[in-house]
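Undergrad: Chains A and B supply the protein sequences, listed in that same order.
For the first sequence, the numbering used here gives the first residue as 1, with consecutive numbering after it.
For the second sequence, the numbering used here gives the first residue as 1, with consecutive numbering after it.
Read the hints as simulated data drawn from the structure, not as lab findings.
A couple of the hints might just be wrong.
Identical copies carry no separate label here, and so any pair may be met within one copy or between two of them.
Stated by the list, open to error - Lysine-lysine pairs mimicking DSSO-like chemistry, simulated, CA-CA at most 30 Å apart:
1. Lys134 with Lys31
2. Lys134 with Lys16
3. Lys17 with Lys134
4. Lys147 with Lys16
5. Lys134 with Lys4
6. Lys17 with Lys31
Each chain, written out:
Number of protein chains: 2
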Amino acid sequence: MISKAEIKRIAALRAKKQRSGSGLFVVEGEKMVAEALQSGFEVENVYRVEDIGEEAMSRITMLSTPSPALALVRIPQAPSDADIDALIARRPLCLALDAVRDPGNLGTIVRIADWFGIDAIFASSDTVELYNPKTVQATMGAIFRRKVIYCYLPDVARKFAAAGMPVFGTFLDGNDIYSETLGTEGLIVMGSESNGIGDAVAPLVTRRLYIPPYPRGAAGSESLNVAIATAITCALFRK
Amino acid sequence: MISKAEIKRIAALRAKKQRSGSGLFVVEGEKMVAEALQSGFEVENVYRVEDIGEEAMSRITMLSTPSPALALVRIPQAPSDADIDALIARRPLCLALDAVRDPGNLGTIVRIADWFGIDAIFASSDTVELYNPKTVQATMGAIFRRKVIYCYLPDVARKFAAAGMPVFGTFLDGNDIYSETLGTEGLIVMGSESNGIGDAVAPLVTRRLYIPPYPRGAAGSESLNVAIATAITCALFRK
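Based on the sequences and whatever the hints tell you, model everything.
TA: In structure tokens, the structure reads:
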């Protein structure tokens, strides 16, 4: 059973304001719910269609087709400055997302980061919120394994540089990524879908890269989707 | 101005049945409409918000936020068997999509194919329809430059093999794609989001590939999204 008030409270988590206020986000699908329960995340409650009925499930779901299970999961605490410094001291390979606005793209990027062992994802404050239901679902569970850290990207880029690590970024006038030695540490900045890497971060990029079309210099598509460009870049770093 | 009957006719193109019946599909956005007009495609009509008004545009749009321009474009004729034979005789590099169901994934794959100079995309008949509005928009105009050919994939795979070209496919027990010599011709089969490459095509794959996670053999994500896997595969073929 589920009360009317509870239905209302869960449905309200569609709004970012309610997620921040309550510190909760919604996870749907048998597999995602199972992963939430096995993760270190705090699961507040699990609702199953066999317990609450299809009518109630259809009112709390964020999906167009409701799944049999929905969990309320607590948003973990953001890492402290000391945590971030400790992460950087381990000489990691990290992503930095500059104003990525599409929820599906962010979720897909978290999944890619998980596949390619990217240590953490930094995101500018104008990147879409991680706990948006579309983002959560697009991670396919990777949200429980990879950290997304919202911050002021120029500060993070400066920290990588101060530690003697490269700051990579893709630009139309960058070097052919296939010919570059990429290494295993540093920060890879990915620009937004529409505007690329912003002016605040661009001057801090020390290694300008470019994913060339085929044949080289071909006309046609002007750009790749940011999740696609991230996937190709990560695959080439981890080859 | 736009009549009520015309609004009804355009709005009906949301349904696949109406698209096949009328032979028309909808393109939205200033940039996409401009590309349609410059392409070899036959544009039946263009509707602009300054001519028809916001109210009418909001009724004919397939987008959640209407764009200033919408075009009705004629679906081109499917290539004949002779066209396909001529294509294969040119020893191309092509994609084959086996039961790709998500409209956004198909559109993104067309855009990737355009970037990486993939000559054509073959698609199983249970792959989502190319002229679905979500697919059209996700191509970002690449739909006007790359052919998607619906067919029985085993027949196509046999044709590539008969011409002495490899048939590639990704499998969990495939060879590490980074270590393989991939070449510039052949058919690259990509499986569906949920089931991978189906039983009808799998035995025809002559070169089994695998995109390994990092570190190699890492647990975590079980798979990559089909558009992401396609992007990485194409990038490695074209490096």
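Undergrad: So which hints don't hold here, by number, going up?
TA: Of the numbered hints given earlier, the structure breaks none, since each of them holds.
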